[in-house]
Amino acid sequence: MKPSHKRLLFRLAIPLAALLLAVMISEASYRVYVYGWGGLSPSLMNSVLTLTRSEILQETDDPELRFELKPSHRRLYKMVMHETNAHGMRDREFETSKPEGVRRIAFVGDSFTMGHGVERDEMFLKVLERRLNQADGPWRYECLNFGVAAYGLSEYVGVVRNKVPAFEPDLVIIALTANDKFPPSPSFTISNPPNEPFLQMHSWFALHLALHEAFPDWLAKPTGDRPRAIVGNQSASGTPVGPDDRAPLLVFDKPPQEWPDTLDAETMEYVRASFRELAALAETQGVPQLAVHLTQNHVGSPRGTINSQAFRKAAAEAGVPYFDTNAYLRGRALHDNIIFRNDTHPNPEVHGIYADALYDFLEVSHWPER
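Using our numbering, the first residue of the sequence shown is number 1, and each one after it goes up by one.
Do not take every clue at face value.
[To be verified] Derived pair list, reagent style SDA-like, types lysine to any residue, alpha-carbon separation capped at 20 Å:
(1) K98 x G88
(2) K98 x G137
(3) K98 x L76
(4) K70 x W139
(5) K70 x K98
(6) K70 x P183
(7) K70 x G137
(8) K70 x A86
(9) K98 x M24
(10) K70 x L171
(11) K98 x A280
(12) K70 x A166
(13) K163 x R53
(14) K163 x A282
In short, the hints are calculated from the structure, not lab data.
Fair warning: this is a prediction, and the values are worked out from it, not measured in the lab.
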């Protein structure tokens, strides 16, 4: 090789090496910023998957549910161990029949209740279970986790109808989150997810996911027809609405039944119908229910208030007791509440706050009488 060629290769190698080093430093920095030090572990990063790629779900013949958690299944998901019992619950093993001297609380919800991204013992219902059992009283408490990611109000009705009664609960808690106001998509299946990201996580490269944060709409890859969240001037179905069509703020000097609707008519009727079904099940099964809104409200978030008001109004109309955790999270910034910078599921600290809120509510309401 001619000396001139060697000098040219040497000159090219220096900027290329510098570029490679800059990419490696940027990659490592992005991982630590978004995922913490666990982001430097390829095995943990391999667990940061979309729900439909996680392999924790299976299809079911129940037409009200369509999918459920795989029973007796164990794998890393969202950097924590996801393990289910023989009943397909992310919980320890339980006998179906209730033991003597035990009071059972069945928790029905979505990924917040399932414990998306937190260890099993860190889930709010398990923290609550420990607190209840530390208190003096004649009862021992079991909090059963029926939460499944991507479930909504219609699936909650199916779970309360078809799965919960066999475990003989003394109280059913419906854990609500913002997405619960939307009906399920008829086309949604495990193999046909509603919104599969265009850019996927890789164990050795994640920097490209920063593009999702910069251009979330441009990189969206819709593969189903699940309704979108109400954002700006869109209704629940994605239909543009004018400023005069937006829901008014509520006036709190009136009973909830007299509040104006805060969602579009179609979405609000779905929420109402779901609460009516839940109330009917509570009556026929003889098991009281409590609807709890697990808010992720950060400072000045109007959307969480709109959702809470809609849930509270529908619950009041149906006669379902309602409790909102929003007051316990006031003054906290969103990034202090979430598991990852790009994933707004509640972190262990917020699960503890949810548990404190529920414990306080149960104490004030004297449930059960000790």
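Right, here's what the structure says about each hint:
1. Under the criterion of a C-alpha separation no larger than 20 Å, the hint pairing K98 with G88 is consistent with the structure, at around 18 Å.
2. Annotation: proposed proximity of K98 to G137 holds, straight-line Cα distance about 18 Å (limit 20 Å).
3. With a C-alpha separation of about 31 Å, the suggested pair K98 and L76 falls outside the 20 Å cut-off, and the hint is violated.
4. Of the supplied pair hints, the one linking K70 and W139 is violated, its CA atoms being roughly 31 Å apart against a limit of 20 Å.
5. Between the alpha carbons of K70 and K98 the distance comes to roughly 23 Å, so the proposed pair goes past 20 Å and is violated.
6. Among the hinted pairs, K70 with P183 is inconsistent with the structure: their alpha-carbon atoms are about 23 Å apart, more than 20 Å.
7. Simply put, K70 and G137 have alpha-carbon atoms about 36 Å apart, too far for the 20 Å limit, and the pair is violated.
8. At roughly 9 Å between alpha-carbon atoms, K70 and A86 fall within 20 Å of each other, so this suggested pair holds.
9. Between K98 and M24 the alpha-carbon distance is near 55 Å, which puts this suggested pair outside the 20 Å criterion.
10. This hinted pair does not check out: K70 and L171 have alpha carbons roughly 25 Å apart, beyond 20 Å.
11. About 23 Å separates the Cα atoms of K98 and A280, which puts this hinted pair outside 20 Å; it is violated.
12. Between K70 and A166 the alpha-carbon distance is near 19 Å, which keeps this suggested pair within the 20 Å criterion.
13. Simply put, K163 and R53 have alpha-carbon atoms about 25 Å apart, too far for the 20 Å limit, and the pair is violated.
14. Distance hint between K163 and A282 is fulfilled; the C-alpha atoms sit about 14 Å from each other, no more than 20 Å.
Checked against the numbered hints given earlier, the structure breaks hints 3, 4, 5, 6, 7, 9, 10, 11, 13 and satisfies all the rest.
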